[in-house]
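A.B. asks: Each chain, letter by letter, is given below.
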Amino acid sequence: MTETIVITSGKGGVGKTTTSASLATGLAQRGHKTAVIDFDVGLRNLDLIMGCERRVVYDFVNVIQAEATLKQALIRDKRHENLYVLAASQTRDKDALTQDGVGRVLEDLAADGFDYVLCDSPAGIEKGAHLAMYFADRAVVVVNPEVSSVRDSDRILGLLSSKTRRAEKGEGPGPQHLLLTRYNPVRVEAGEMMSVADVEEILGIPVLGVIPESENVLAASNSGVPVIHDAGSIAGQAYADAVARLVGEDVPMRFLDAPKKGFFKRMFGT
Amino acid sequence: MSLLDFLRPRPKNTANIARERLRIIVAQERATRGGPDYLPLLRNELLEVIRKYVQVDPDAIQVNVERGNDGEVLELTVALPEAGRATGTGG
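As they're listed, the protein sequences go chains A and B.
Count the first sequence with numbering that gives the first Met the number 0 and you get residues 0 to 269, in order.
Count the second sequence with numbering that gives the first Met the number 0 and you get residues 0 to 90, in order.
The reader is advised that the hints may include incorrect statements.
[What the hints assert, rightly or not] Incomplete in silico selection of chain A near chain B, CB under 10 Å:
id, residue
1, ALA122
2, GLY123
3, VAL149
4, SER160
5, MET192
6, ASP197
[Said to hold, decoys possible] Pulled from the structure, derived: some chain A residues nowhere near chain B, Cβ distances all over 10 Å:
id, residue
7, GLU2
8, LEU42
9, ASN44
10, GLU52
11, LEU73
12, LYS77
13, ARG91
14, ASP114
15, GLU145
16, ARG154
17, GLY157
18, SER161
[Claimed, not checked] FRET-style restraints, in silico, Cβ to Cβ:
id, chain 1, residue 1, chain 2, residue 2, range
19, B, LEU73, A, ILE233, 36 to 44 Å
20, A, GLU80, B, PRO57, 55 to 63 Å
21, B, LEU73, A, ARG53, 54 to 62 Å
22, A, ASP111, B, VAL64, 22 to 30 Å
23, A, GLY171, B, ALA30, 15 to 23 Å
24, B, ILE16, A, ALA218, 31 to 39 Å
25, B, VAL72, A, GLU200, 27 to 35 Å
26, A, ASP249, B, ARG42, 41 to 49 Å
27, B, ASN12, A, GLY231, 31 to 39 Å
28, A, GLY171, B, ARG42, 26 to 34 Å
Hints in this document: simulated from the structure, not taken from any laboratory.
Note that the Cβ used here is the ideal one computed from N, Cα and C, for glycine as well.
Take these sequences, add in the hints, and give me the full structure.
C.D. replies: So this is what it looks like as structure tokens:
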């Protein structure tokens with residue numbers, strides 16, 4: 000049974016691709032055969048974050064238009080043999096993705112025995128974003144603790160419950176998970192940033208994970224290695240926890256509190 | 000809280016402001032979600048017509064579609080400005 004999960008957000012720049020790369024890698028590390036698809040036609044980037052940009056020969060649109068087979072277009076990850084990337088096309092033709100075409104690719108992946116297919120949505124609510132969510136069984140909504148990101152995520156939740164195949168069949172939207180990124184516990188404690196509880200309450204969906212703001216995320220994207228590989232970083236560990244929860248494990252939240260200050264810092268500040 | 004913090008002006012708790020603003024706007028947007036697509040347009044055109052007669056705020060008009068047992072009801076609420084502050088040009 001293949002499970003299709005959309006990674007979406009509405010707003011751009013909140014960490015959808017970073018999240019897609021790390022969740023897909025984490026699922027593969029746990030032994031699940033996983034594919035991750037970049038739906039951002041015209042602005043391909045997942046290949047860079049996964050570190051396979053120089054191995055892209057055929058892309059998602061080539062497969063849909065029957066210019067290449069799915070096997071030819073799937074790029075096998077360097078580190079995990081059960082992890083595959085399907086790159087977005089760099090064409091400027093936004094109509095290159097079709098609902099039938101996407102549906103066929105997902106069926107072929109299911110027939111190939113994939114356990115998980117992650118759909119990395121583009122920002123916005125246009126066609127690419129619509130198709131990324133249309134076939135999804137579940138959704139991971141990536142949110143920054145910031146007003147525009149939270150509001151856009153609520154828009155996306157509305158679309159998930161009305162514009163997906165599940166919704167059209169009257170099955171309801173399917174499980175929706177909140178993944179908070181760029182979380183800064185020090186700023187939350189200072190009243191400068193909304194807390195996990197604030198965002199959870201406004202959006203009304205359960206939290207899958209909280210990824211603390213970390214310099215390791217940029218370092219990971221610089222080097223094309225998903226940050227979940229950086230097991231020494233708190234961002235990497237937080238993603239590993241999120242993957243565990245995604246497959247149904249009950250893992251306590253970590254990294255939500257600001258580090259305790261020592262006596263000197265308490266007296267004289269930073 | 001360090002000693003030096005007492006010397007600095009306390010910054011406002013902007014996280015609370017963000018949360019309250021979001022609560023309101025999200026509730027408002029959820030209320031019109033799932034309604035017909037023409038609702039925002041209808042609301043704007045009604046606003047234009049009303050403004051010919053009474054100068055009301057852009058957010059003084061609430062348009063809601065309520066689903067009852069006997070079908071849908073289009074509910075329109077217009078908050079008029081206090082008497083004396085009205086600057087209608089039509090009448």
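A.B. asks: If I take the minimum Cβ distance from GLY157 of chain A to any residue of chain B, is it greater than 10 Å?
C.D. replies: violated (5 Å)
A.B. asks: Regarding LEU73 of chain B and ARG53 of chain A, is the given constraint of 54 to 62 Å on their beta-carbon distance met?
C.D. replies: At roughly 58 Å between Cβ atoms, ARG53 of chain A and LEU73 of chain B fall inside 54 to 62 Å, so the hint holds.
A.B. asks: Are all beta-carbon distances from LYS77 of chain A to chain B longer than 10 Å?
C.D. replies: holds (41 Å)
A.B. asks: Is the claim that ARG91 of chain A lies outside the interface with chain B correct, judged by CB distances over 10 Å?
C.D. replies: Answer for ARG91 of chain A: holds, closest chain B Cβ roughly 28 Å.
A.B. asks: In terms of Cβ atoms, is chain B entirely out of 10 Å range of ASP114 of chain A?
C.D. replies: With a cut-off of 10 Å, ASP114 of chain A remains clear of chain B, as the shortest Cβ separation is near 34 Å.
A.B. asks: With 36 to 44 Å as the target window, see if LEU73 of chain B and ILE233 of chain A comply at their CB atoms.
C.D. replies: About 52 Å separates the Cβ atoms of LEU73 of chain B and ILE233 of chain A, which means 36 to 44 Å is violated.
A.B. asks: Using the Cβ atoms, figure out if VAL72 of chain B sits within 27 to 35 Å of GLU200 of chain A.
C.D. replies: Once the Cβ atoms are compared, 30 Å apart, the range 27 to 35 Å for GLU200 of chain A and VAL72 of chain B holds.
A.B. asks: Quick one, is the SER160 of chain A hint okay against chain B at 10 Å, beta carbons?
C.D. replies: holds (8 Å)
A.B. asks: Classify the hint on GLY123 of chain A as holds or violated, based on whether any CB of chain B lies nearer than 10 Å to its CB.
C.D. replies: Check failed: Cβ of GLY123 of chain A comes no nearer than 17 Å to chain B, outside 10 Å.
A.B. asks: Holds or violated: is there a CB of chain B closer than 10 Å to the CB of ASP197 of chain A?
C.D. replies: This interface hint holds because 5 Å falls under the 10 Å limit.
A.B. asks: Does the Cβ-Cβ separation between GLU80 of chain A and PRO57 of chain B fall within 55 to 63 Å?
C.D. replies: holds (58 Å)
A.B. asks: Per the stated criterion, does the least C-beta distance between GLU52 of chain A and chain B lie above 10 Å, as a non-interface residue requires?
C.D. replies: holds (37 Å)
Of the numbered hints stated above, those contradicted by the structure are hints 1, 2, 15, 16, 17, 18, 19 and 22, listed in ascending order.
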